[in-house]
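Asker: Chains as they are written, first to last, in full-length UniProt numbering: chain A, 1 to 524; chain B, 1 to 524.
Since the hints were derived computationally from the structure, they do not count as laboratory data.
No copy is singled out in the list; a pair is fine if it fits within one copy or between any two copies.
Restricting the straight-line Cα-Cα distance to at most 27 Å, the calculated cross-link-like pairs of lysine-lysine (DSS-like) are:
#, residue 1, residue 2
1, K311, K117
2, K311, K44
3, K483, K44
4, K117, K130
The model shown is predicted, which means the values in this text are computed figures rather than measured ones.
In case you want the letters, here they are:
There are 2 protein chains.
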Amino acid sequence: MVSPHSSSPAPTPYAQLLSHLGRIHKLETIAQLLGWDEQVNLPKGSADLRAEQHAVLAETIHAAASDPELGALIARLAEGKGAAGDALSAEERLVVREAQRDYERATKLPVAFVRAKAAQSSVGFHAWAKARAEDDFASYAPVLERNLELAREEAAYLGWGGDPCTSASGEGGSRAYDYMIDKHDPGLSAAVIEGLFGELRAGLVPLAREISENDDGRAKAARARLRGFSINAQREFLDEVTRRLGFDYEHGRIDVSLHPFCAGTGADIRMTTRFNEDEPLDSLFSAIHETGHGLYEQGLPLAHHATALGKAAGMGVHESQSRLWENQVGRSRAFWAFFEPRFREKFSGPLRGVSSEELYLAVNAVEPTLIRVDADEVTYNLHIILRFEIERQLFSGALKVGDLPEAWAALSRELLGLEPKNDREGVLQDVHWSDGAFGYFPSYCLGNMIAAQLWEAVRAEEPEIEADFAHGDFGRLLAWLRKNVHAAGKRHDALDLTQRVTGKPLSPAPLLRYLRERYLPLYS
Amino acid sequence: MVSPHSSSPAPTPYAQLLSHLGRIHKLETIAQLLGWDEQVNLPKGSADLRAEQHAVLAETIHAAASDPELGALIARLAEGKGAAGDALSAEERLVVREAQRDYERATKLPVAFVRAKAAQSSVGFHAWAKARAEDDFASYAPVLERNLELAREEAAYLGWGGDPCTSASGEGGSRAYDYMIDKHDPGLSAAVIEGLFGELRAGLVPLAREISENDDGRAKAARARLRGFSINAQREFLDEVTRRLGFDYEHGRIDVSLHPFCAGTGADIRMTTRFNEDEPLDSLFSAIHETGHGLYEQGLPLAHHATALGKAAGMGVHESQSRLWENQVGRSRAFWAFFEPRFREKFSGPLRGVSSEELYLAVNAVEPTLIRVDADEVTYNLHIILRFEIERQLFSGALKVGDLPEAWAALSRELLGLEPKNDREGVLQDVHWSDGAFGYFPSYCLGNMIAAQLWEAVRAEEPEIEADFAHGDFGRLLAWLRKNVHAAGKRHDALDLTQRVTGKPLSPAPLLRYLRERYLPLYS
Numbered sequence: 001m002v003s004p005h006s007s008s009p010a011p012t013p014y015a016q017l018l019s020h021l022g023r024i025h026k027l028e029t030i031a032q033l034l035g036w037d038e039q040v041n042l043p044k045g046s047a048d049l050r051a052e053q054h055a056v057l058a059e060t061i062h063a064a065a066s067d068p069e070l071g072a073l074i075a076r077l078a079e080g081k082g083a084a085g086d087a088l089s090a091e092e093r094l095v096v097r098e099a100q101r102d103y104e105r106a107t108k109l110p111v112a113f114v115r116a117k118a119a120q121s122s123v124g125f126h127a128w129a130k131a132r133a134e135d136d137f138a139s140y141a142p143v144l145e146r147n148l149e150l151a152r153e154e155a156a157y158l159g160w161g162g163d164p165c166t167s168a169s170g171e172g173g174s175r176a177y178d179y180m181i182d183k184h185d186p187g188l189s190a191a192v193i194e195g196l197f198g199e200l201r202a203g204l205v206p207l208a209r210e211i212s213e214n215d216d217g218r219a220k221a222a223r224a225r226l227r228g229f230s231i232n233a234q235r236e237f238l239d240e241v242t243r244r245l246g247f248d249y250e251h252g253r254i255d256v257s258l259h260p261f262c263a264g265t266g267a268d269i270r271m272t273t274r275f276n277e278d279e280p281l282d283s284l285f286s287a288i289h290e291t292g293h294g295l296y297e298q299g300l301p302l303a304h305h306a307t308a309l310g311k312a313a314g315m316g317v318h319e320s321q322s323r324l325w326e327n328q329v330g331r332s333r334a335f336w337a338f339f340e341p342r343f344r345e346k347f348s349g350p351l352r353g354v355s356s357e358e359l360y361l362a363v364n365a366v367e368p369t370l371i372r373v374d375a376d377e378v379t380y381n382l383h384i385i386l387r388f389e390i391e392r393q394l395f396s397g398a399l400k401v402g403d404l405p406e407a408w409a410a411l412s413r414e415l416l417g418l419e420p421k422n423d424r425e426g427v428l429q430d431v432h433w434s435d436g437a438f439g440y441f442p443s444y445c446l447g448n449m450i451a452a453q454l455w456e457a458v459r460a461e462e463p464e465i466e467a468d469f470a471h472g473d474f475g476r477l478l479a480w481l482r483k484n485v486h487a488a489g490k491r492h493d494a495l496d497l498t499q500r501v502t503g504k505p506l507s508p509a510p511l512l513r514y515l516r517e518r519y520l521p522l523y524s
Numbered sequence: 001m002v003s004p005h006s007s008s009p010a011p012t013p014y015a016q017l018l019s020h021l022g023r024i025h026k027l028e029t030i031a032q033l034l035g036w037d038e039q040v041n042l043p044k045g046s047a048d049l050r051a052e053q054h055a056v057l058a059e060t061i062h063a064a065a066s067d068p069e070l071g072a073l074i075a076r077l078a079e080g081k082g083a084a085g086d087a088l089s090a091e092e093r094l095v096v097r098e099a100q101r102d103y104e105r106a107t108k109l110p111v112a113f114v115r116a117k118a119a120q121s122s123v124g125f126h127a128w129a130k131a132r133a134e135d136d137f138a139s140y141a142p143v144l145e146r147n148l149e150l151a152r153e154e155a156a157y158l159g160w161g162g163d164p165c166t167s168a169s170g171e172g173g174s175r176a177y178d179y180m181i182d183k184h185d186p187g188l189s190a191a192v193i194e195g196l197f198g199e200l201r202a203g204l205v206p207l208a209r210e211i212s213e214n215d216d217g218r219a220k221a222a223r224a225r226l227r228g229f230s231i232n233a234q235r236e237f238l239d240e241v242t243r244r245l246g247f248d249y250e251h252g253r254i255d256v257s258l259h260p261f262c263a264g265t266g267a268d269i270r271m272t273t274r275f276n277e278d279e280p281l282d283s284l285f286s287a288i289h290e291t292g293h294g295l296y297e298q299g300l301p302l303a304h305h306a307t308a309l310g311k312a313a314g315m316g317v318h319e320s321q322s323r324l325w326e327n328q329v330g331r332s333r334a335f336w337a338f339f340e341p342r343f344r345e346k347f348s349g350p351l352r353g354v355s356s357e358e359l360y361l362a363v364n365a366v367e368p369t370l371i372r373v374d375a376d377e378v379t380y381n382l383h384i385i386l387r388f389e390i391e392r393q394l395f396s397g398a399l400k401v402g403d404l405p406e407a408w409a410a411l412s413r414e415l416l417g418l419e420p421k422n423d424r425e426g427v428l429q430d431v432h433w434s435d436g437a438f439g440y441f442p443s444y445c446l447g448n449m450i451a452a453q454l455w456e457a458v459r460a461e462e463p464e465i466e467a468d469f470a471h472g473d474f475g476r477l478l479a480w481l482r483k484n485v486h487a488a489g490k491r492h493d494a495l496d497l498t499q500r501v502t503g504k505p506l507s508p509a510p511l512l513r514y515l516r517e518r519y520l521p522l523y524s
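Let the hints inform the model, and build the full structure from the sequences given.
Answerer: Here it is, written out as structure tokens:
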């Protein structure tokens with residue numbers, strides 16, 4: 001007969017906490033896999049089943065994350081004492097604090113609210129898609145109103161606001177927007193971002209204008225010449241590039257999806273890209289971008305994936321990793337010094353007659369556009385500043401939903417020097433708000449700032465780093481990021497981390513210096 | 001604020017049961033997807049994470065399947081009454097009865113037993129792999145002893161035996177073996193199978209001998225000539241074949257794995273095959289086999305996937321579907337009359353100089369081998385009869401584990417006319433017993449019998465069916481199977497279903513007639 005294991009001492013409350021968090025984490029990795037599979041593999045007709053699978057798993061995760069037993073453990077550990085009354089270590093206290101934050105998010109929202117939000121998310125997506133297709137902002141406006149209302153309610157439930165029933169105007173809105181920002185980037189607030197973006201805008205608008213005025217069209221022409229790149233050869237090239245950058249294919253893979261993304265946690269990172277014979281740089285840079293995300297995930301300490309010690313610091317830091325590899329590394333002369341001969345070997349046909357300088361210009365083509373997702377790395381930030389400005393005003397009540405199209409057009413003129421002909425080129429272009437994802441856009445630009453500041457720091461510490469790139473060696477950069485950024489997990493928020501690693505507060509100055517250094521020589 | 005939905009009447013107990021079963025079903029489809037992904041996509045280094053994901057999901061499913069609330073609902077509904085005291089319909093009673101069976105499996109096994117079995121499964125696999133690599137049966141014997149003991153305990157917990165502590169000998173063993181058989185094929189027993197296999201053996205051994213004696217080596221030679229078939233072209237051909245057979249790629253896909261299989265439930269069927277340039281028939285027939293499984297799954301009523309009304313009748317019936325498409329259809333002259341020109345178009349190079357008759361012989365090559373997985377469709381059944389005979393004797397106590405190698409060799413001589421040179425070619429060749437999967441092998445042969453009997457019935461009812469094949473039309477066969485087999489779900493067990501659909505009790509006679517009809521003209 002089965003004999004029970006020999007008795008062992010009862011686990012400590014902290015060990016019990018880890019066990020709860022471990023279960024939640026594993027369920028979350030399964031949800032990630034379902035999401036990845038949905039984008040990569042799911043047969044067309046199986047979407048309903050997948051939705052049901054997502055729902056049942058989400059319920060299971062929610063039940064685990066709001067388990068009263070977990071709450072009791074956290075409450076006990078939050079006093080800072082372990083099993084025998086011994087003090088918890090600083091790391092343990094961090095784990096408990098973050099577990100508490102997650103537990104509150106899981107428990108403070110009433111079930112009816114969560115259901116209403118989920119239902120609205122589906123309604124919102126379809127309303128947005130229809131409004132965009134028909135260029136009909138008026139039909140979408142009520143969805144935005146409702147999503148703003150839900151965002152304020154959510155903030156209020158979590159202690160970031162007054163009565164969730166208050167109207168759209170007044171200070172409550174600002175607190176709610178701070179909540180939305182903090183949700184994506186812990187520690188940040190609208191006031192901090194306003195300061196950073198204001199300074200960035202002051203430097204970036206004239207820089208973009210200078211580039212635009214000096215643009216002789218060569219970069220665009222060079223880019224247009226890159227046609228007919230075999231998908232198989234693109235795949236091989238991309239495999240070599242991502243391997244050399246350090247992506248560990250023993251613990252991850254890359255596949256194809258409509259929109260590139262990176263999913264998974266730690267031991268199994270699934271990235272995607274997309275291929276187009278006439279847009280070889282799009283698939284390559286999408287893959288490098290996702291590799292940046294993947295390297296970060298692979299660098300988080302495996303043993304701690306279930307706790308704050310092994311989780312990403314926030315969206316801004318995550319984005320800093322993807323942008324640093326995509327832009328500072330992937331668009332550099334040193335990178336292309338190494339990869340250009342390989343690129344030409346694979347694509348000798350389509351590259352015939354394209355000079356090295358033309359190729360480099362194609363990689364670094366800058367051209368203002370009305371559409372964020374098509375933007376280059378200079379003007380991209382202006383698209384984000386625009387969205388931040390609008391979100392801030394929506395939440396403060398200074399801007400009414402009905403006035404959005406006009407406000408968008410005015411800001412577009414001011415920042416990009418372009419005016420949308422219709423709302424599809426303006427306020428209807430992004431999906432984010434249809435799902436209530438406010439406070440999400442700023443992370444993209446914060447990521448660019450952090451990337452540039454890290455880049456300045458690593459170049460100062462490791463002056464040979466770009467010489468390494470020219471030899472196809474990216475190990476020194478990766479090791480530096482592993483040590484300074486990845487290994488820290490969630491120990492420090494974006495502001496703290498930047499200060500600690502670079503010795504200076506987060507600032508847009510390094511991004512502006514980097515952009516000037518890279519682009520002015522090409523556009524002058 | 002969120003307003004609650006308008007009040008609706010409380011769900012009936014039967015509706016509550018469906019809700020429980022729906023949740024369990026969806027979780028099970030997620031587990032299927034994890035398993036599929038593991039074989040198809042999982043990066044090498046991510047196996048530990050996947051094992052943890054499987055474990056946490058299995059725990060979640062077990063908790064749902066053994067939920068006392070579910071047990072109380074089943075107990076209430078098992079009295080045959082609905083909410084208002086009205087009688088449940090026959091279908092509802094079936095759903096309740098099968099739910100009860102599953103609930104008992106989920107609740108009657110003590111947690112310590114389930115853990116011990118899971119641990120033993122891992123130990124068993126590694127012991128088997130090592131023993132096979134080193135041809136060392138003695139090191140594996142204790143694992144088999146233990147697995148037999150666990151099987152008897154499991155049977156006893158579920159009411160199929162006396163004291164789970166009883167020794168290996170005596171009648172208890174037989175009851176336990178009946179349990180193992182019933183687990184895979186509800187309604188079947190060792191006694192029934194013994195009768196069927198005895199009759200099959202009496203006809204099959206002389207048939208295999210006759211084929212062997214008349215073998216002039218042409219089939220083997222023809223098969224050996226099929227070399228250098230481009231993988232891409234194989235993929236395209238296989239796509240065309242499986243589509244024409246009726247596989248719905250809007251609700252499924254085919255990928256590559258080391259061992260072909262079919263996973264998923266209903267709305268998302270994931271099949272696999274494997275490719276080898278020098279074994280084009282292997283990948284093709286693997287794919288057709290899995291398509292047979294897939295068509296069955298796709299034919300189960302979607303609205304009832306979570307209950308017995310929408311689940312497969314058992315392993316034997318499942319295997320009948322894969323074998324019917326693979327053998328009766330895929331190896332027929334009519335099938336090749338249609339597909340040979342297409343096959344030649346895709347593979348004109350490697351097929352140069354191969355006549356139609358040689359190709360057909362290659363498709364239907366028969367040659368006794370010691371290894372089950374390499375066997376043709378004639379001698380395959382003898383491998384199963386051998387394993388059944390051994391399992392039966394192990395469970396009755398007539399055969400000791402230590403005497404297995406000799407018993408295997410003796411049966412191999414009797415049935416196949418071949419004697420293993422070592423245990424790797426004998427008792428160590430299969431993985432099944434290392435995992436405690438006794439009573440599983442017979443399903444393969446039962447599937448062949450059922451397939452042949454269905455085939456006889458459909459040909460009698462639809463005499464034009466093979467003429468359809470020759471025009472590439474398989475719709476009439478699929479419609480017949482949909483109506484007679486797939487739509488029934490678990491309403492009838494293998495014996496009942498066969499009797500209902502063919503009007504006769506299950507018998508090996510149709511299989512023997514089919515094999516004689518197909519193979520004697522080729523080997524005479």
